[in-house]
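Chemist: Line by line, the protein sequences are chains A and B.
Just so it is clear: in the first sequence, position 250 is 250 by our numbering, and no numbers are missing.
To convert a position in the second sequence, counted from 1, into our numbering, add 1000.
Possibly wrong hints are sitting among the right ones.
Just so you have them, the derived chain B footprint on chain A, three or more residues with Cβ under 8 Å [as the list claims (entries may be wrong)]: (1) 161–167; (2) 183–197.
Sample of chain A residues facing chain B (criterion: CB under 8 Å; computed from the structure) [what the hints assert, rightly or not]: (3) Ser-171; (4) Gly-173; (5) Thr-175; (6) Gln-178.
Simulated restraints, written as ranges between beta carbons of each label pair [said to hold, decoys possible]: (7) Phe-1015/B x Thr-175/A: 30 to 36 Å; (8) Leu-129/A x Arg-1006/B: 56 to 62 Å; (9) Arg-1102/B x Leu-129/A: 42 to 48 Å.
In short, the hints are calculated from the structure, not lab data.
For each residue, glycine too, the CB sits at the ideal point set by N, CA and C.
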Amino acid sequence: MDSSPWVRRTLRAVVVVYLVLLVGWPVSLVAKNAFADGLETFQRAFADPSVVFALQLTAAVAVQVVVINTIFGVGISMLVVRYDFPGKALLNALLDLPLSVSPIVVGLSLILVYGKNGWFGGALEDAGLQVIFAPPGIVLATAFVCLPLVVREVVPVLTEIGTDEELAATSLGATRFQTFRRITLPAIRWALVYGVVLTLARALGEFGAVKVVSGNFEGRTQTSTLLVEQRYQDFEQGTAYAVAFLLASVSVACIVAVTLLRSDAHSPARPARARRARASTKADS
Amino acid sequence: MSIEIRNVRKTFGDFVALDDVSVSVPTGRLTALLGPSGGGKSTLLRVVAGLEVPDAGVVEIEGRDATNLPARRRNVGFVFQHYAAFKHLSVARNVAFGLEIRRTPKAETAARVDELLRLVHLESFAHRLPSQLSGGQRQRMALARALAIRPSVLLLDEPFGALDAKVRKELRDWLRRLHDEIPVTTVFVTHDQEEALEVADEIVVVNEGRIEQVGTPDDLYDRPANDFVMGFLGPVTRLGGVLVRPHDVHVEVLADGAADAERSSRPGPGAPDAAVTGVVTRTTRVGFEVRAEVTTDDEVVAVVVTRAEARALGLVAGTAVRLAPAEGAPTALVPGPEAATVAV
Chain A
1 MDSSPWVRRT LRAVVVVYLV LLVGWPVSLV AKNAFADGLE TFQRAFADPS
51 VVFALQLTAA VAVQVVVINT IFGVGISMLV VRYDFPGKAL LNALLDLPLS
101 VSPIVVGLSL ILVYGKNGWF GGALEDAGLQ VIFAPPGIVL ATAFVCLPLV
151 VREVVPVLTE IGTDEELAAT SLGATRFQTF RRITLPAIRW ALVYGVVLTL
201 ARALGEFGAV KVVSGNFEGR TQTSTLLVEQ RYQDFEQGTA YAVAFLLASV
251 SVACIVAVTL LRSDAHSPAR PARARRARAS TKADS
Chain B
1001 MSIEIRNVRK TFGDFVALDD VSVSVPTGRL TALLGPSGGG KSTLLRVVAG
1051 LEVPDAGVVE IEGRDATNLP ARRRNVGFVF QHYAAFKHLS VARNVAFGLE
1101 IRRTPKAETA ARVDELLRLV HLESFAHRLP SQLSGGQRQR MALARALAIR
1151 PSVLLLDEPF GALDAKVRKE LRDWLRRLHD EIPVTTVFVT HDQEEALEVA
1201 DEIVVVNEGR IEQVGTPDDL YDRPANDFVM GFLGPVTRLG GVLVRPHDVH
1251 VEVLADGAAD AERSSRPGPG APDAAVTGVV TRTTRVGFEV RAEVTTDDEV
1301 VAVVVTRAEA RALGLVAGTA VRLAPAEGAP TALVPGPEAA TVAV
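Construct all of the structure, not just a fragment, from the sequences and the given hints.
Modeler: The structure is reproduced here in structure tokens:
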């Protein structure tokens, strides 16, 4: 863009002020409040078994969601990019739904299907598996909300690398699985790592959908975000700030990790450079 | 015959890529599939490799029916136009890939990789990543990778298409010499007639999903089966109702003012039937040759002569000349009014 130094400086100042007011200041206030009494707030919070349980539950849910969404995310990406089938456009649209729909709606819809009087839940409960108001429901809701994160990272890379390398591996004698493990997976690994980190950050912070399906029972189905809200409303603000600070730190760590990975993956020493060679036209039948 | 293709048909939606194609590729020879873009030659190659499944027909490789054999069991080396280098593996690991898949012992793999890297002159690049190689080097690596598995046939899909002109020429010569050293049955796809004429033992001309002609480069150049083959293998010009190569035109300079007289008494005494007279309207010198445009009553004939000939004849714009196909030159009948006359 053609602009004078004045315009640039003004723009920069506006953006910085905007970000400070909207993000930086509020988040730093959480940190300030969490450390208002030094480490004492943290010690008190971690002495509370409900807090410890909530943190453990959140971590367990996040790990399960990451595993589920990595496997399904890569599978769906391969399906969408490498195969043509009727209804592909519909599947593509469905994949974006979790990003556009409110998490509350996600929670309610899951209750309609898996709830006690739901379409499917009754049968599951008879079989001894309670989904709604239990940890499986929390995992389900979080996985739903995080579904597009891996897919949307992996699909563009899969599209870009094309099928030549996979076909070359096949002609050299590799089976489908060998081709995937030795050729496709290394080619998408940075996109996959990026998607996983995003999923992890989102899974740790999910609130709306989880609130609806978990029932929010302290010490049983209360995740960290639900605990923060409850303690804040119960005027135990010290604990709320301490847990909130912890959640924010993990998210910041995720963002830092992603930034480092990104700059690493795009540095000239990486094979990513070879992609430029593909820009030339593909000729013939 | 190393590869037998019988009555193969392949369609993509409404588009007929291969229309009942039958062709045999001889063992140990270098065969070119030559044709215009979209003519079906790449599809034919991919059908042989098993990367495309034909709708109908039979593919035999070394006497074995391979029609329903998956690509990974065909023992076919395939080289792609855009190299298809495994970007995350070093040059040596790229070449070793097929051997590792076959669980070849480590020492044997290492020895074979060394041997192949020497063959393609990449021995000092073994530990580089493909991104650190030039296009020509990447394609040589891809060739070594395909040869590592000792394929029964080697298939190359426009192998030099993505390279610049100079590297392309070098690699072309190098491929020819390599094939003389290791005479594995090789089929390569190209749309460049010069490449096919220079490198191949045998050329299969493919157009619009059909085989137009099969033969040696000399056969095709001198005895084209039809006007398409003639036009595709080299420049042609229209001369008195037939197609002839511009360098196969016999030029005779007429004395001043004789053009009109000659024109009325065509064909002149002793001249071949196709002889015509006209006036040189333009000459262009390209290196050692001179291209002249001769305008006659009803057509513009392109003529190519060497510089020495042009000087001896005094061929400049305005000269009246009589043109006839040189004796023994290949000609083809002009197919119809829509055919182009000049293709120099």
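Chemist: Looking back at the numbered hints, which does the structure fail to meet, lowest number first?
Modeler: Nothing - there is no hint that the structure violates, so all of them hold.
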